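Colleague: Residue strings, one per chain:
Protein chains: 4
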Amino acid sequence: MSNALLSKENAMSDQFPVVIGICLDAEAIWTGKLPADAYRPVLLSNGAFAIKEGLKPVLELLDHHGIKATFFIPGITADTYPEALAEIRRRGHELGSHTYSHRSVLGLTPAEERQEIARGIEAVERNGGVRPTAWRSASWEWSKHTLDYILEEGVTVSCNFQDRIRPYRHFRDGLPTPVVELPVQWHLADAPFFLYGGDVQRRIRPAAEAESVWMEEFDATYDWPGAFFHLTLHVQLIGHPGRLKMLDRCLTHMRGRNRTRFLTCAEAALLVE
Amino acid sequence: MSNALLSKENAMSDQFPVVIGICLDAEAIWTGKLPADAYRPVLLSNGAFAIKEGLKPVLELLDHHGIKATFFIPGITADTYPEALAEIRRRGHELGSHTYSHRSVLGLTPAEERQEIARGIEAVERNGGVRPTAWRSASWEWSKHTLDYILEEGVTVSCNFQDRIRPYRHFRDGLPTPVVELPVQWHLADAPFFLYGGDVQRRIRPAAEAESVWMEEFDATYDWPGAFFHLTLHVQLIGHPGRLKMLDRCLTHMRGRNRTRFLTCAEAALLVE
Amino acid sequence: MSNALLSKENAMSDQFPVVIGICLDAEAIWTGKLPADAYRPVLLSNGAFAIKEGLKPVLELLDHHGIKATFFIPGITADTYPEALAEIRRRGHELGSHTYSHRSVLGLTPAEERQEIARGIEAVERNGGVRPTAWRSASWEWSKHTLDYILEEGVTVSCNFQDRIRPYRHFRDGLPTPVVELPVQWHLADAPFFLYGGDVQRRIRPAAEAESVWMEEFDATYDWPGAFFHLTLHVQLIGHPGRLKMLDRCLTHMRGRNRTRFLTCAEAALLVE
Amino acid sequence: MSNALLSKENAMSDQFPVVIGICLDAEAIWTGKLPADAYRPVLLSNGAFAIKEGLKPVLELLDHHGIKATFFIPGITADTYPEALAEIRRRGHELGSHTYSHRSVLGLTPAEERQEIARGIEAVERNGGVRPTAWRSASWEWSKHTLDYILEEGVTVSCNFQDRIRPYRHFRDGLPTPVVELPVQWHLADAPFFLYGGDVQRRIRPAAEAESVWMEEFDATYDWPGAFFHLTLHVQLIGHPGRLKMLDRCLTHMRGRNRTRFLTCAEAALLVE
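Protein chains in written order, with numbering that gives the first Met the number 0: chain A, 0 to 272; chain B, 0 to 272; chain C, 0 to 272; chain D, 0 to 272.
Hints are computed from structural coordinates only; laboratory data are not their basis. Computed from a predicted model, the values in this text were never measured in an experiment. Hints are not guaranteed to be accurate.
Derived list of chain C stretches under chain B, where covered just means 3 residues or more per stretch with a C-beta under 8 Å from a C-beta of chain B [unchecked claim]:
hint : region
1    : 138-144
2    : 154-163
3    : 208-214
Glycine included, C-beta positions come from ideal geometry on N, C-alpha and C.
Here chain A stands alone, though its shape is the one from the complex (with noise of 0.2 Å):
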């Protein structure tokens, strides 16, 4: 079952695991980046895209392969859509925090941080049903107190670090902590081919662009040792038609390959001692 929980034992050697995180940011892309953008309609409605648009046929697709996804989802999208929530879940697929207002660790005071970790996991897990396990920062940084906030918190999965393409477990203070790493990519992204828009770096590439790079990067790591392959997408940039066939492409071809599990990220972090 392509979904079935690997078994520790021969995790590594007989099965290849895939996970899938994608985040459902809406607006919160571009109001947490700059809060000026918050009076900037038209830009807003570029991440509107994802609830009114892009998550419907991101789920189907899912579906569509049998594939169980972790969504990382922003306190304040949650707030805003439980729907989206709450659809996500009925069909299968693992709740995830990102934060509450998509704010960079970067421009935050620690009680800042310790707020936007704590107020975003409360908001996903009030408006989902479920208190959220898996939590992703907003564009992947972390401060010096970021491990002991997401502890505080029950954290027990973090996608954020780029050191590794294999899972890894965190330790503080030299003992292992209860926090998996599954480390991602940048070029294993959506967002580096497709983002564009507000004060960023604009960039617009073909679809057969990002899949060629995230497929030569999946056929060469499923012959690596221990690793695993971790696929990052956001709805708003990945739900178009295009790159949803795009997408569709991939997961058949990851599919083709025998060794390949998909797991979520709670299933994934089961795999690391």
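Position chains B, C and D against the provided structure of chain A, taking the given hints into account.
Modeller: This is chains B, C and D only, laid out in the frame that chain A set:
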């Protein structure tokens, strides 16, 4: 007939609407971005290409395919090149408004924005002989006053928002307004591939790359229930020989699908109840 | 003969003019952009490549194809490398002027601009043995005084404006001047694909990508009544082995069309009445 | 033998030297660019990938092809990861120096630069067991003091300048020095295609694109009398599965040409009289 108005009943099931929105900015693309650019004759010549070379073959290509498009024209361009508006109208295309001086709303006071909208519409009406009802902002942005101001001027079509891939009606205070949105997408415009010069981020991509992005999206959107396809062009960018050959291939490809119906903005707006 | 001067009568109907304008900037490409770069020896070495490696194979490739080009040379480069000018002239190419120190006019006073133009022409004349009549600004920009200043210096060809794809005459106060414009295009230059280093936006694209942009434009322009093709190169960018192979393919392709006639700037300017 | 030292007499006619210079920056790539980055653990993890994942397969790939490379290592990285230097040396590669803390010389006082050079060489010697004689600056830049400082430290190979595609000797006051330059090129490095994160310009290109740029240049340079081929890699960028497969293809392609000889920097410097 390719430009026949769709009957509302079966528009979304039997026919696939395609809207071609073309900006005729000329020098305003640069003077609107930065007033100091008014003293850079070579940079302005980059925009003047639209009038001096690009417009004629663009119009001929549309005639060749029997397609009526909507041209969005800044008021200052209409005042400077009235013969261009006459020629566009003579060929049966729709004249739309694109503010007066192509300045982004982000730098305007409310009074300035109101004047940009009103003067821009007046200039197109004065020079083109018909009052435009389709409107696009400069740089695809709105303020919180924009809807009020365009309603005052009788606008009934906006081509600005990015939250849907199907037309919808704008509401105010919970009530429907006369303004229909025909949403756009950055990746379905020519600027991200070809805009170069001045203080913008510089990009020159092969025409074949824009073609692959646009046509992969067209083909996938064609099968998306209720969706439409909206391509945004700029005469000074698309009106070069190699890019026009690419556009010719795109138009041929789109006409080759039997549900395709090319519509002006005014025609497409009638699809929304 | 590929370099035969076109007869005016049938120039635009029977023959397709191609102009190759080549900048020999050397270190001036960097010192002209930012004076502080004069203290960055490695950055300057990036420009010195033009003299130390690139020029010889560029000249040999042009000889191989029997093509005469126009070289635009900053005065400071002419003063530093007089033997380069001698070699270019010995092979029969045209010597053009490219300001004295390759500083953009946007940062100059009128007096400075006048001096840049006059000193630049003098330096090429002093070192090359012939007074240049073709002129290109640094960074493709003019001030409102530029036409006056280049007329004072006897310039008869400008390669700066971007508003046409056919040569035309500059007018002043409604009267024709001796200056003919041979318009250029950013996408028909090598810099947008290969310029890298210093404080500029950094781009490294495969040679095949520039080739596809240039040749798709060549092929389409070839059939455009009255148009010509104007390619702009920089010795420090195009003079690398892989890129020269690409240029070789381009020249072969262009020579393969029977109406193609390679002209120097001085020859091409005679096409305009 | 692929690593046999070329005899000087026929080096440039019968054999084609290929040098692989590999930076092992680890976290220093980020802390050197901006000190504040020292507090960004996720960004640092991007560099740590070099040690934790990338180095081992890079070394195995080189072994597989029987190629000896030169590794350029910042002193701070050598002090932090001495076992990495031991492993590189155990496999027979050359250890080079790459400043102490990977700070660009553009922001250093002369005293700071001198210390960066001296401490960097000492750290590699202390941890690697051999004093390095090959040196690369951080960010490929020199000051006017750099030649003096590296001469003081016994450096005999510099891999920094971009003005030639053949090795040459540095002169001072008209006299030859012991320092040989093995020139580099931006387009023959991996960073322009793969560097992402922090405050740099962000680029993620398919591995196949770097391959096409490098191999078109290799094939063309191979036939250029007296030239050599110098590829610059970074373990944190090239050490990903898909990119390593691409590098494998490149090495195979280069080995397939019968004049190809892979040399370390020390070996290649002996080619210069």
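Colleague: Closer than 8 Å, Cβ to Cβ, for at least three residues: run that test on the region 154-163 of chain C against chain B and report holds or violated.
Modeller: holds (count 5)
Colleague: Verify the coverage statement for the region 138-144 of chain C against chain B, using a C-beta to C-beta distance below 8 Å and requiring 3 or more qualifying residues.
Modeller: It holds: at least three residues are needed, and the region 138-144 of chain C offers 5 whose Cβ sits within less than 8 Å of chain B.
Colleague: How does the coverage statement for the region 208-214 of chain C fare against chain B, requiring three or more residues with Cβ below 8 Å from a Cβ of that chain?
Modeller: Since three or more residues must qualify, the claim that chain B covers the region 208-214 of chain C holds, with 3 doing so at under 8 Å.
The structure meets every hint from the earlier list without exception.
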